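A.B. asks: Residue numbers (this note's numbering), protein chains in the order written: chain Z, 1 to 288; chain F, 1001 to 1322.
In case anyone wonders, no lab produced these hints; they're calculated from the structure. Certain hints may be false.
[What the hints assert, rightly or not] Here are the computed lysine-lysine pairs in the PhoX-like style, where the Cα-Cα straight-line distance is at most 25 angstroms:
id, chain 1, residue 1, chain 2, residue 2
1, F, Lys1267, F, Lys1053
2, F, Lys1227, Z, Lys58
3, Z, Lys58, F, Lys1267
4, F, Lys1267, Z, Lys12
5, Z, Lys280, Z, Lys58
6, Z, Lys34, Z, Lys12
Computed from a prediction, not measured in an experiment: that's the story for all the values here.
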Amino acid sequence: MSDRLTVAKTYKLYVGGAFPRSESGRSYPVHDTKGTFLANAAQASRKDVREAVVAARKAVGGWSGATAYNRGQVLYRVAELLEGRREQFAAEIAASEGVNGKRAQSTVDAAIDRWVWYAGWTDKIATVLGAANPVAGPYFSFSVPEPTGVVGVLAPQTSSLLGLVSVLAPVIATGNTAVVVTSQDRPLPAITLSEVLATSDVPGGVVNLLTGRTAELAPWLASHADVNAVDLTGAPESLAADLERACAGTVKRVLRRRATEPDWTETPDISRLRAFVETKTVWHPKGR
Amino acid sequence: MSSPPTASTGLPPHLSDATRDETSLRRFLHGLPGVDQVGVEQRAAGLATRSIKKASKLWAIDTAISMVDLTTLEGADTDGKVRSLCAKARRPDPERPEVPPVAAVCVYPDLVPTAVEALRGTDINIASVSTAFPSGRSSLPVKIADTELAVAAGATEVDMVIDRGAFLSGRYGQVFDEIATIRRASGEAHLKVILETGELVTYDNVRRASWLAMLAGADFIKTSTGKVSPAATLPVTHVMLQAVRDWHTATGTVLGVKPAGGIRVTKDAIRYLVAVHEVAGPQWLTPDKFRFGASSLLNDLLMQRRAQLDGHYSGPDYVTVD
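Working from the sequences, and respecting the hints, build out all of it.
C.D. replies: Rendered as structure tokens:
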């Protein structure tokens, strides 16, 4: 009995609520920090990026149109499902990040807490970022934050779950949809997250996860005219300037790459929520 | 059945015999070889896997643009909508004047005058649907009047529907006469006969209807109205392309094919072009002999064209939404 072979997994992408293979048919092996084989992950191509953007665009209407309260409930439900997969996440983090079990466990807990933290912000952010503007005339003037649209996210390369959650949750909490390129060498927690999202109430297409070579996919995401904003957090340093330039070509909102990967365990602020919203100001006559 | 229409004079004997009376017509149509359903579907699927790259793709996109019958057939159509459609037909991508204009604009008969006005001075054809489109359920005088209204208003192409009820009941003579009558009523205008393949059930019926339409004087055979699902499919278009090819072999005349409905993306359009080339032949690869009935396809073609030239993917924010 003890000679049983474990089933080696070959994972797929998560696009539009489904799990397609890469259009290119490629996959690549994922190893733990010691070089032991863990699983095969799909290696997305530029055409998968294109399909993911189409799926994300399709989902914008429904997701951004949902009430903030409803988005909060949906995201909170995701946190419940994450909780149910704690052991699996912990094992994957321990393997791919090379940390001990206890450390991995606390990282998973922090990631779930982070998700809940952002879920809570969905119906509060408008109050914090919005305003009733004092104007010299018989008008109401309101400023409200609105989602930017389709956001391309280059997930952090080191922190495979906590980092991913910290960049993804604020994007979708404000009503955007996301095309995420996961950590290149540590994609397994992201793949498990996609399995969580697929069984949650998050509509298909709101989150699309692509595994593969970041340097190969990022330029296509940055130059894609139907992507409204890009988070360059996980971009390779050598590419960061080129990617910003490509983003400028179609006037995208850009969250720049930091020189070093942020410490994700620190308590976040709302800067990431603020990064992917547009302020809409409405004037309305006061009446009599 | 009335006497053979003018269009079928000069046909080889076995074809002109077929139109002599209803019995010979039935004998001819039922004598056509059956369609190998599995074979045609497999061949269509096989050709669809062809990969078209770079220069060929750009050529295919431009060719497809020039083959589009830009269509609006909604109950909510207005003069304004037709005018903006015509503007798009003249210059599909205003930022890139080298993009060819589309082949035709396709509207309901009452909106033909608006289209004529908006397209004056261009080579773009004005197609009008007629004969109680899309169901075809009306009397012959009404259908004739419908056609005459369109032609009098300046339509250069008439898209008629066949009476599927009569066809499916086996009243081929009635369908033949109707097409021949509308052929005469259309005068100089090009006649496209819509078979509505989604309602014909079998490929054998599609083949029979294609031959029936060609015998009765059609210039084009068209798959669908776009109001019935399934609309155009690759296998059905294969069968129709085989029919026009065989017609060409028999008579020397080149008739056209127009798939319509359900073709929304460039990839599909290119698959159709591959089918045209492989099944019918290169001489069908012109807007005179092959058309796409579509509305949203044009935007996707323009976006793909930009993606090819700019080296990055384009988005719907960069084309006009109609």
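A.B. asks: State for each hint whether it applies.
C.D. replies: Results of checking the hints against the structure:
| no. | hint | in the structure |
| --- | --- | --- |
| 1 | F/Lys1267 with F/Lys1053 | holds (12 angstroms) |
| 2 | F/Lys1227 with Z/Lys58 | holds (24 angstroms) |
| 3 | Z/Lys58 with F/Lys1267 | holds (19 angstroms) |
| 4 | F/Lys1267 with Z/Lys12 | holds (24 angstroms) |
| 5 | Z/Lys280 with Z/Lys58 | holds (22 angstroms) |
| 6 | Z/Lys34 with Z/Lys12 | holds (24 angstroms) |
Comparing the model with each earlier hint shows no violations; every hint is respected.
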